[in-house]
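Could you put together the complete structure from these sequences and hints?
So the protein sequences, as listed, match chains A and B. Numbering-wise (this note's numbering), the first sequence opens with residue 1 and increments by one. Numbering-wise (this note's numbering), the second sequence opens with residue 275 and increments by one.
Among the hints, erroneous ones may be present.
Claimed, not checked - Far from chain A, by Cβ distances over 12 Å, these chain B residues were calculated:
1) G312
2) A914
3) E917
To be verified - The list that follows gives simulated cross-link-like pairs (lysine to aspartate or glutamate, EDC-like), each with its CA atoms no further than 20 Å apart:
4) B/K724 <-> B/D734
5) A/K249 <-> A/D45
6) B/K402 <-> A/D209
7) B/K309 <-> A/E160
8) B/K751 <-> B/E642
9) B/K765 <-> B/E642
10) A/K166 <-> B/D310
11) A/K150 <-> B/D310
12) B/K778 <-> B/E917
13) B/K687 <-> B/D740
14) B/K309 <-> B/E509
15) B/K402 <-> A/E205
16) A/K166 <-> B/D543
17) A/K151 <-> A/D191
18) A/K151 <-> B/D310
19) B/K858 <-> B/E901
20) A/K126 <-> A/E94
21) A/K207 <-> A/D157
22) A/K166 <-> B/D546
23) B/K872 <-> B/D861
24) A/K207 <-> B/E398
25) B/K687 <-> B/E701
26) A/K151 <-> A/D117
27) B/K309 <-> A/D157
28) A/K48 <-> B/E642
29) B/K402 <-> A/D216
30) A/K166 <-> B/E551
31) A/K48 <-> A/D27
32) B/K778 <-> B/D863
33) A/K37 <-> A/E21
34) B/K309 <-> A/E154
35) B/K765 <-> B/E842
Said to hold, decoys possible - Listed next, with one range per pair, are the computed distances between beta-carbon atoms:
36) A/G59 <-> B/S316: 39 to 47 Å
37) A/K150 <-> B/Y588: 43 to 51 Å
38) B/G591 <-> A/P168: 34 to 42 Å
39) A/L215 <-> B/F877: 45 to 53 Å
40) A/K166 <-> B/E447: 43 to 51 Å
In case anyone wonders, no lab produced these hints; they're calculated from the structure. Beta carbons are placed, not taken as given, at the ideal position from N, Cα and C, and that holds for glycine.
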Amino acid sequence: MNAMMTSEDMPQAESRAMEREDLLRVDNVSLSFGGVKAITDISFDIKKGEIRAIIGPNGAGKTSMLNVINGFYHPQVGTITWQGQVRRKMKPYEAASQGIARTFQNVALFKGMTTLDNIMSGRSLKMRKNFFSQMLWYGPARDEEIAHRKKVEEIIDFLEIQAIRKTPVGRLPYGLQKRVELGRALAMEPDLLLLDEPMAGMNLEEKADMSRFILDVNQEFGTTIALIEHDMGVVMDLSDRVVVLDYGKKIADGPPEEVQASQAVIDAYLGVSH
Amino acid sequence: MAGLANVASSGGDTFPKILLHNAKVFGDRTAVREKDFGIWQSWTWAQVRDNIRDLSLGLKELGLQQGQKVAIVGSNRPRLYWSMVAAQAIGAVPVPVYADSVAEEMAYVLGHAEVTFAVVEDQEQVDKLLSMDSEVPTLKEIIYDETRGLRDYDHKHLHDFEGVQALGRKVLEKDPGAEKAWADGFAGGKGSDIAVMLYTSGTTGRPKGVMLSFDNLVISARNANAFDHLNEHEEVLAYLPMAWIGDHVFSLAQAFTAGYCVNCPESLDTVDVDRLEIAPTYFFAPPRVFESMLTSIMVRMEDAGKTKRRMFDYFMGVARRAGEKILNGESVSAKDRLLYRLGDFFVYGPLKNRMGLTRMKVGYTAGEAIGPEIFRFYRALGLNLKQLYGQTEASVYITLQPDGEIYGDTVGKPAPSVELKIAENGEVLYRSPGVFVGYYKNDEATRSTKTEEGWVHTGDAGFIADNGHLKIIDRAKDVGKLTDGSLFAPKYIENKLKFFPNIKEVVAFGDGRDRVGVFINIDLTAVGSWAERNNVNYASYQELAAHPQVYSMIQEHVDQVNRDLASEPMMAGAQIRRFLVLHKELDADDGELTRTQKVRRNFIAERYAPLIEALYDGSTSKHVRTEVTFEDGRVGAIEATVEIRDMPAHDASGLQEAAE
Numbered sequence: 001m002n003a004m005m006t007s008e009d010m011p012q013a014e015s016r017a018m019e020r021e022d023l024l025r026v027d028n029v030s031l032s033f034g035g036v037k038a039i040t041d042i043s044f045d046i047k048k049g050e051i052r053a054i055i056g057p058n059g060a061g062k063t064s065m066l067n068v069i070n071g072f073y074h075p076q077v078g079t080i081t082w083q084g085q086v087r088r089k090m091k092p093y094e095a096a097s098q099g100i101a102r103t104f105q106n107v108a109l110f111k112g113m114t115t116l117d118n119i120m121s122g123r124s125l126k127m128r129k130n131f132f133s134q135m136l137w138y139g140p141a142r143d144e145e146i147a148h149r150k151k152v153e154e155i156i157d158f159l160e161i162q163a164i165r166k167t168p169v170g171r172l173p174y175g176l177q178k179r180v181e182l183g184r185a186l187a188m189e190p191d192l193l194l195l196d197e198p199m200a201g202m203n204l205e206e207k208a209d210m211s212r213f214i215l216d217v218n219q220e221f222g223t224t225i226a227l228i229e230h231d232m233g234v235v236m237d238l239s240d241r242v243v244v245l246d247y248g249k250k251i252a253d254g255p256p257e258e259v260q261a262s263q264a265v266i267d268a269y270l271g272v273s274h
Numbered sequence: 275m276a277g278l279a280n281v282a283s284s285g286g287d288t289f290p291k292i293l294l295h296n297a298k299v300f301g302d303r304t305a306v307r308e309k310d311f312g313i314w315q316s317w318t319w320a321q322v323r324d325n326i327r328d329l330s331l332g333l334k335e336l337g338l339q340q341g342q343k344v345a346i347v348g349s350n351r352p353r354l355y356w357s358m359v360a361a362q363a364i365g366a367v368p369v370p371v372y373a374d375s376v377a378e379e380m381a382y383v384l385g386h387a388e389v390t391f392a393v394v395e396d397q398e399q400v401d402k403l404l405s406m407d408s409e410v411p412t413l414k415e416i417i418y419d420e421t422r423g424l425r426d427y428d429h430k431h432l433h434d435f436e437g438v439q440a441l442g443r444k445v446l447e448k449d450p451g452a453e454k455a456w457a458d459g460f461a462g463g464k465g466s467d468i469a470v471m472l473y474t475s476g477t478t479g480r481p482k483g484v485m486l487s488f489d490n491l492v493i494s495a496r497n498a499n500a501f502d503h504l505n506e507h508e509e510v511l512a513y514l515p516m517a518w519i520g521d522h523v524f525s526l527a528q529a530f531t532a533g534y535c536v537n538c539p540e541s542l543d544t545v546d547v548d549r550l551e552i553a554p555t556y557f558f559a560p561p562r563v564f565e566s567m568l569t570s571i572m573v574r575m576e577d578a579g580k581t582k583r584r585m586f587d588y589f590m591g592v593a594r595r596a597g598e599k600i601l602n603g604e605s606v607s608a609k610d611r612l613l614y615r616l617g618d619f620f621v622y623g624p625l626k627n628r629m630g631l632t633r634m635k636v637g638y639t640a641g642e643a644i645g646p647e648i649f650r651f652y653r654a655l656g657l658n659l660k661q662l663y664g665q666t667e668a669s670v671y672i673t674l675q676p677d678g679e680i681y682g683d684t685v686g687k688p689a690p691s692v693e694l695k696i697a698e699n700g701e702v703l704y705r706s707p708g709v710f711v712g713y714y715k716n717d718e719a720t721r722s723t724k725t726e727e728g729w730v731h732t733g734d735a736g737f738i739a740d741n742g743h744l745k746i747i748d749r750a751k752d753v754g755k756l757t758d759g760s761l762f763a764p765k766y767i768e769n770k771l772k773f774f775p776n777i778k779e780v781v782a783f784g785d786g787r788d789r790v791g792v793f794i795n796i797d798l799t800a801v802g803s804w805a806e807r808n809n810v811n812y813a814s815y816q817e818l819a820a821h822p823q824v825y826s827m828i829q830e831h832v833d834q835v836n837r838d839l840a841s842e843p844m845m846a847g848a849q850i851r852r853f854l855v856l857h858k859e860l861d862a863d864d865g866e867l868t869r870t871q872k873v874r875r876n877f878i879a880e881r882y883a884p885l886i887e888a889l890y891d892g893s894t895s896k897h898v899r900t901e902v903t904f905e906d907g908r909v910g911a912i913e914a915t916v917e918i919r920d921m922p923a924h925d926a927s928g929l930q931e932a933a934e
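Written as structure tokens, this is what we have:
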């Protein structure tokens, strides 16, 4: 288990100490579906190595924002700068190969496949050998598979899901499925990990576990994390900075304590008499 | 006694010495395996020696000194076992602690033991130890195995396991004589030195630190190895808490003395799969493990197809009839023998394989009484499952069931070199080479437990049956006497009754009285479903409990227990002569049970004093009013008229004597 802590696994660990640079910038982005404006003129950045939370009441445009970040939606107005380069329009799988992985609000796993296979599927973008040699499972293809399997086993160990390695995920409780989904995202060794409500529907203990894992992923792998979450306690504890959306607009941005004290945020959450 | 103790004199008398011996004799044999990253990683005895040596030298560099205590906290991992021997090589004493105990309890133990070093599994344990700064002022250095999450901690007194080993290797590189100096350091160690301190969980009062010497452990382990013919080819699974004497003896003492391989599971949740892969040859499990294995088999059989189920039922019938006899070497008809063979091929073999017990040579269960049905199930499959009776203070072994002499209700004959005697009050005492040195910093407790001649009070009452086997009946302090002098063991009677599914809780009275009377609590689930099946209508627990048909049913159970008691000479005097079914369920909210669902006898005696009076004054019914606390905290009262029934006693032949 200590193999996973070697320095080569965490290219960004040192950079955390330095002045953090932007991993991703969103500038004046607007997105609408027909006449419905989902996101209006939003700008913020995600710095390397941080945990960034996106919060807001229902329908604030959080998930749309996430979809913009990972390239699933392309905004009508505004630019996305990813690792210093302005991003052109691209397909989601292209986004994935750029180093962005995500989990979903509703678990999206292959229910009939085992935990191991599901996480292994996260490695598919990194498989280099061609279809035929993989089919024959011969020579370099086999070595490659073994190397990938090793990485997957490290993730299984990291997430402490050894006991369900061979269990079809459809049979697992929800909390564990969420963990498997996180495992699959990690298998891509992403630079940016997007988590869409990682704690939704979990009990207190599962939340505590998941928080631990998120912090550990950030610390051990140096992965930058952007998460959407409704549980304010979790958000305030986990994240370095929080951006708050309401009706598709940004109403606050900053460290948790600051955001918590902001009148605009309090009004958005508690409602205000007009 | 002398003959077997001699076994112990061959080879080293401390674990560091035995380690060097094993590395020489079994150098290339696998000593330890641990499943990690989905693969069984293994270490040979020679590699284990190198690992322990590096760590030991590293610990010394960090300042560990002879006589100091080293806490070991975590689940079963090779590195934690190695840490114990590495500490012993310096003359320090390892103190394994229950990893799941709460910080407060752990703080008491570590503070009491005055540990200076701690080797722990992961961040969770590091956090726990760091939080007890003030309670354990002696603690200087913490060494952790799993680095995860600990990166940002202050590493002034915190060390990575591999880092400590690297420190040890550096010493070896600088000074070529270091290895010899290390070995010389413990060459002079004596068998009488303290090897380990284990804290007993202690149901009453604070935990006590049991000091065991190398002699205690090494001689007991060698005796046990000889008793069950264990050698370097055995495989065991180390999955029970390291702080528990059982694991210490099975996974360390016996493994070192026999040279066999210890397998550490991947995690606690994977034990079932890991056992299947390893197929241990020597296996220990508390009764609940065997229970849950059996339950999962039964549940899956319910879901199986018709043919399979019929095959299972048929061959299990054969197994029950012939299996145990074949195992005990008794005579069995040729037909049954043939059928048993067939059954082994179709049913027993695959079953054993599923449970990972195919290669099991010897299996033990202990700790609490195992249900006779469950015990018989495994024996019938041809598994050599046996019971033992032991204690931390005895280095485990007090009695063992020898092969072929298995009785469900006894715990076996004295283990090799163990002497037994029964005190006046029925308490079991023993004397053996495994008897502990004393309790750490608690001479008073040592004196009250261990006599000057070396006899140890077990605290359990029992007797030696006609066949020479020990039978445990109750905690000694609970055992009393009836006025006619016959032995009264409440727990023994209560357990016999509780064995019936209809009965949930029982409280027996009789100490200092002329006869035994019991309170019975029916089990609402079992009796309720019986009522449903038999068209018995009831509106409340109270009504069901007072139903005449329910009373008759319970009466039959009581009679059955009396019949059982009559057949045991020691117990025949304490048959149940009066019983009543309580009108309310005993409840922890009302203080009648402890939070762990144990009956609080004295409290109940006080609360239901009028009912106890009625048990003994001959009346056939009694009106009572009892206050109860509802779940939301309100207090109410229930009233009922409780019926009391007389029971006839049986004589030894099973005939009824006239009721008084």
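Restraint check for B/K309 with A/E154, where alpha carbons must lie at most 20 Å apart: holds (13 Å)
Hint check for A/P168 and B/G591 - Cβ pair distance inside 34 to 42 Å: Between B/G591 and A/P168, where Cβ atoms are some 35 Å apart, the hint holds.
Agreement of A/K207 and B/E398 with the hint, judged by alpha carbon distance not exceeding 20 Å: holds (17 Å)
Hinted pair B/K402 and A/E205, Cα distance within 20 Å: holds (18 Å)
Satisfaction of hint between B/E642 and A/K48, Cα-Cα up to 20 Å: violated (57 Å)
Given pair status - B/E642, B/K765, alpha carbons within 20 Å: OK: B/K765 and B/E642 at ~13 Å, within 20 Å.
CB-CB spacing for B/Y588 and A/K150 relative to the 43 to 51 Å hint: holds (47 Å)
20 Å limit on alpha-carbon distance, applied to hinted pair A/K166 and B/E551: Holds, at about 14 Å.
Restraint check for B/K402 with A/D216, where alpha carbons must lie at most 20 Å apart: holds (18 Å)
Given hint A/E21 paired with A/K37 - CA-CA distance at most 20 Å: violated (31 Å)
Given hint B/E842 paired with B/K765 - CA-CA distance at most 20 Å: holds (16 Å)
Hint consistency between B/K778 and B/D863 [alpha-carbon to alpha-carbon, up to 20 Å]: holds (17 Å)
Against the hints set out earlier in the document, violations occur for numbers 1, 28, 33, 36.
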